[in-house]
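Start from the sequences, fold in the hints, and give me the full structure.
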Amino acid sequence: MISTIIIFLLIFFVIVMGHEFGHFLLAKVNGIRVNEFAVGMGPQIAHFRKGETDYVLRLLPIGGACIFEGEDGLESAGGQAAEGNFQNASVWARISTVVAGPLFNFLLAFIFAVMVAGYAGADLPVLGGVLEGSAAEAAGMQAGDQITSFNGKIRLAREIQLEMALNRDNDPIEVEYIRDGQTCQTVLTPQYDEAEGRYLVGFSNYAYYVEADGFNLFRYGWYQLRFCIKNSVMSVQALVQGKLTKDDVAGPVGMAQMVNEVKEETAPGGPLLVFMNMVNIAMLLSVSLGVMNLLPLPALDGGRLIFLLVEVIRGKPIPPDKEGIIHFAGFVVLMVLMVFVMFNDIQRILR
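For the sequence shown, numbering that gives the first Met the number 0 assigns the number 0 to the initial residue and increments by one for each residue that follows.
Hints listed in this document are in silico derivations from the structure and should not be mistaken for laboratory results. We put the CB at the ideal spot given by N, CA and C, even for glycine. Among the hints, erroneous ones may be present.
Taking lysine-lysine and the DSSO-like style, the derived pairs with C-alpha atoms no more than 27 Å apart in a straight line are [to be verified]:
no., residue 1, residue 2
1, K229, K262
2, K27, K49
3, K262, K27
4, K242, K229
5, K321, K27
6, K242, K152
7, K49, K152
With beta-carbon atoms standing in for the labels, derived distance ranges [claimed, not checked]:
no., residue 1, residue 2, range
8, G41, R313, 34 to 40 Å
9, F274, V335, 24 to 30 Å
10, A266, Q181, 45 to 51 Å
11, R347, S2, 42 to 48 Å
12, P270, F327, 18 to 24 Å
13, L106, G268, 51 to 57 Å
14, M40, A266, 49 to 55 Å
15, G41, A237, 29 to 35 Å
16, L106, R313, 30 to 36 Å
Next up, the structure:
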């Protein structure tokens, strides 16, 4: 279990560092002073200062922070006139600094995706067969059909699995596929499978694995990243629509449990297999962090971006002290939500 904790903390450290480094780098480019660069939250356990910035490691692996001079109109000792004040930078400089965190998460995830593609290749959506009596069989689909669209354009077979995992209302699915060079279209209505406990369209062995080499390494890496972003966005949408429950949401404890389960399942395959699966988890979590931070909620990058876009439209900023109070209130709500998710993770493990 100690090794699992160490692996999880390393993954957390890398993806949070990537996020905060994006903010840090663009702040420096735009002449904004960074007062603190922190990984983790809560009590400080390590610290050093270089130049104008305090670099801090905190106890709880539930986030990080890159605190700018005068960012919220609350923490600036020198007020608006302080050198490098966030509020004095142009609105587009501030927008680029805020967006840089999630963007760097996506860039980091792309590096991980290329590594995964180089190791495992790509799962292209080609039918191995269809199940007897299924919607796919009734529509005339057959082995060898190359699926190009499944409720939207797809590149990887796992996108079909994602769509079906979130299809809990028996919604019809528009499918496009290629057979003998001809493009065909059909609509499949999933049928409930008692044994599986979910709706299925009747595809069998629809993942055709190919190796990634040359330019394909980056192309399949991009497909992997695109899938991860789609997965995160669709999951958030499903949660808002009530298609997912609190048990489908995981915090740090749930993520650590996932790391442990994957490590134990892949251990018989050797250290390289374990390592690449950890890279895959890091890719998923980095994308999730990027997507979640772009949500238009106070205290998140997306919430700050909303205020900046309002400033672009109005031609003048919302008073920094008022914005700071809103973000602080949002931060408190997020911390309460984090405690709830962590408590739910522990309950789920103890069941």
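These are the hints, each one checked on the structure:
1. K229 to K262: 25 Å, holds
2. K27 to K49: 14 Å, holds
3. K262 to K27: 39 Å, violated
4. K242 to K229: Roughly 16 Å between the alpha carbons, so the hint for K242 and K229 holds.
5. K321 to K27: 26 Å, holds
6. K242 to K152: Holds - the C-alpha atoms of K152 and K242 are around 22 Å apart, at most 27 Å.
7. K49 to K152: 48 Å, violated
8. G41 to R313: 34 to 40 Å: Distance hint for G41, R313 holds at roughly 37 Å.
9. F274 to V335: 24 to 30 Å: 36 Å, violated
10. A266 to Q181: 45 to 51 Å: 46 Å, holds
11. R347 to S2: 42 to 48 Å: Hint violated: Cβ distance 22 Å, outside 42 to 48 Å.
12. P270 to F327: 18 to 24 Å: Between P270 and F327, where Cβ atoms are some 45 Å apart, the hint is violated.
13. L106 to G268: 51 to 57 Å: Given about 29 Å between the Cβ atoms, the range is violated.
14. M40 to A266: 49 to 55 Å: Between M40 and A266, where Cβ atoms are some 31 Å apart, the hint is violated.
15. G41 to A237: 29 to 35 Å: 31 Å, holds
16. L106 to R313: 30 to 36 Å: 32 Å, holds
The structure fails hints 3, 7, 9, 11, 12, 13 and 14 (numbered hints given earlier, in ascending order).
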